[in-house]
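Just so you know, the protein sequences line up as chains A and B, in that order.
1 is the number of the first residue of the first sequence in this note's numbering; add one for each residue after it.
1001 is the number of the first residue of the second sequence in this note's numbering; add one for each residue after it.
Treat the hints with care, since some could be wrong.
Unchecked claim - Just so you have them, the derived chain A footprint on chain B, three or more residues with Cβ under 8 Å: (1) 1032 to 1039; (2) 1062 to 1074; (3) 1088 to 1100; (4) 1143 to 1155; (5) 1161 to 1167.
What the hints assert, rightly or not - Within a straight-line C-alpha distance of at most 25 Å, the following computed BS3-like cross-link-like pairs (lysine-lysine) qualify: (6) 122(A) / 81(A); (7) 1033(B) / 42(A); (8) 1112(B) / 1093(B); (9) 1179(B) / 42(A); (10) 42(A) / 122(A); (11) 1033(B) / 1179(B); (12) 122(A) / 1076(B); (13) 1093(B) / 1033(B); (14) 1093(B) / 1076(B).
Stated by the list, open to error - Covered by chain A, according to a simulated footprint, are these stretches of chain B (three or more residues, beta-carbon under 8 Å): (15) 1003 to 1010; (16) 1050 to 1059; (17) 1122 to 1133; (18) 1170 to 1181.
No lab work stands behind these hints, which were simulated from the structure alone.
Cβ coordinates follow ideal geometry from the N, Cα and C atoms, glycine included.
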Amino acid sequence: MPNRPSSRTPSKLRAARLTGYRRYQPGTQPDYNFPPYRSTQKRCPTQPLVLPPQTISEITGPIFGTDDVKPTDNDLTRQHKGEPIGERIVVNGRVLDENGRPVPHTLVEVWQANAAGRYPHKTDQHNAPLDPNFSGAGRTVTDAEGRYRFITIRPGEYPWRNHYNAWRPAHIHFSLFGQAFLTRMVTQMYFPGDALLPYDPMFNCIANEGARQRLIAAFDWENTIPEQALGYRFDIVLRGREETPMEKMP
Amino acid sequence: MSLYASGHQTVGPYLHIGLNWLTTRDIAGRGVKGERVTIAGRLVDGDGVGVSDGLVEIWQANAAGKYAHPEDTQDKPLERGWRGFGRIPTDAKGGFRFTTIKPGRVAGPDGKLQAPHLVVAVFMRGLLKHLATRIYFPDEPANTEDPILKLVPVPRRATLIARRQGKSGLEWNIILQGKNETVFFDY
Chain A
1 MPNRPSSRTP SKLRAARLTG YRRYQPGTQP DYNFPPYRST QKRCPTQPLV
51 LPPQTISEIT GPIFGTDDVK PTDNDLTRQH KGEPIGERIV VNGRVLDENG
101 RPVPHTLVEV WQANAAGRYP HKTDQHNAPL DPNFSGAGRT VTDAEGRYRF
151 ITIRPGEYPW RNHYNAWRPA HIHFSLFGQA FLTRMVTQMY FPGDALLPYD
201 PMFNCIANEG ARQRLIAAFD WENTIPEQAL GYRFDIVLRG REETPMEKMP
Chain B
1001 MSLYASGHQT VGPYLHIGLN WLTTRDIAGR GVKGERVTIA GRLVDGDGVG
1051 VSDGLVEIWQ ANAAGKYAHP EDTQDKPLER GWRGFGRIPT DAKGGFRFTT
1101 IKPGRVAGPD GKLQAPHLVV AVFMRGLLKH LATRIYFPDE PANTEDPILK
1151 LVPVPRRATL IARRQGKSGL EWNIILQGKN ETVFFDY
């Protein structure tokens, strides 16, 4: 067999060296215990986390491809007979890592409220209308340059019971895998100029100003479709790799 | 080039809308080799109440100890169609249950093999960033020499090891706070 290591090579030496992932920069990630978001209080760990070395179990992760999604799964406005009510928008961007490299062929999942700020979910009791033409879920796989694109409607703001007169800013939930268990991320995209952002504990759980701003999409004139839909650009940055491989790991 | 990483945010209470399409409770389909196990448990908050809006994701190697990933270059067999991924939303009482096969051993740091384990990510409202933990198997001699388990304070190790429950069943709970709080990892 070609390229087969000789039988004298112990199998544990055959595997390539693995390159780990850098720890996140301080201030870019939330703490588990964040009192302004009340629900963290009974759900955050209270014991210290254990810091293990990264192994092949965390440097790998599930891989999804275009076979796992339908080409139309990225258009949330065409999942029913009629068109959903609301302002049509294009949300597009790139999935990158902290080194600025694109993350190609990776699954992106989104979900969001309808234009009235209501989710079609049994636990959402907000007194706002459901839209029979909007389910609010989509998914796609990034292309070779890490690009993705969704067509949807602008989600509405809605009240929640975290504190007196609390309202969530308009947002879209994003779920990403990247190339490893370590790059798994669920985040939220916000809209520029949303007056609710300064009041929102979720948005403000990110201490670093630059990292916080990363969660706000930018108006994107170039991807705005004339007479059709406003464009928004939202780049998502996953954890970056270390520069050098870890010590030899069989 | 250095970019700020995006910040993790909670999945919130309506996660099912976006994530249920990929629910996978049977991780090893037909024709996959290995010892079949069903793992069931509860996700419990600091008041001892089951978390009804949680989600558990599993990542694992096959019975040969090989991950379905291009960076696992070990010369080991991989079944066609094997992915090794599970996604299980919790039920109204915080319960979850999935079926899989016990994975083989994979390499750890310093050339030592790890004991068989599943890698777990936990998502829910009230968690701004998902939690990472592991499930190890009971009656497994390799547990005593596992390089990751060894880092866990002895009294807490049991929180990572499933308990036998019936014939091929295992029980493993995720306790978020208090006595028997599950060990979570920070990589």
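A quick look at each hint next to the structure:
no. : hint              : verdict
1   : 1032 to 1039      : violated (count 0)
2   : 1062 to 1074      : holds (count 8)
3   : 1088 to 1100      : violated (count 0)
4   : 1143 to 1155      : holds (count 4)
5   : 1161 to 1167      : violated (count 0)
6   : 122(A) / 81(A)    : holds (22 Å)
7   : 1033(B) / 42(A)   : violated (40 Å)
8   : 1112(B) / 1093(B) : violated (39 Å)
9   : 1179(B) / 42(A)   : holds (13 Å)
10  : 42(A) / 122(A)    : holds (23 Å)
11  : 1033(B) / 1179(B) : violated (37 Å)
12  : 122(A) / 1076(B)  : violated (46 Å)
13  : 1093(B) / 1033(B) : violated (32 Å)
14  : 1093(B) / 1076(B) : violated (40 Å)
15  : 1003 to 1010      : holds (count 8)
16  : 1050 to 1059      : holds (count 4)
17  : 1122 to 1133      : holds (count 10)
18  : 1170 to 1181      : holds (count 4)
Figure legend: structure checked against the earlier numbered hints; hints not met, in rising order: 1, 3, 5, 7, 8, 11, 12, 13 and 14.
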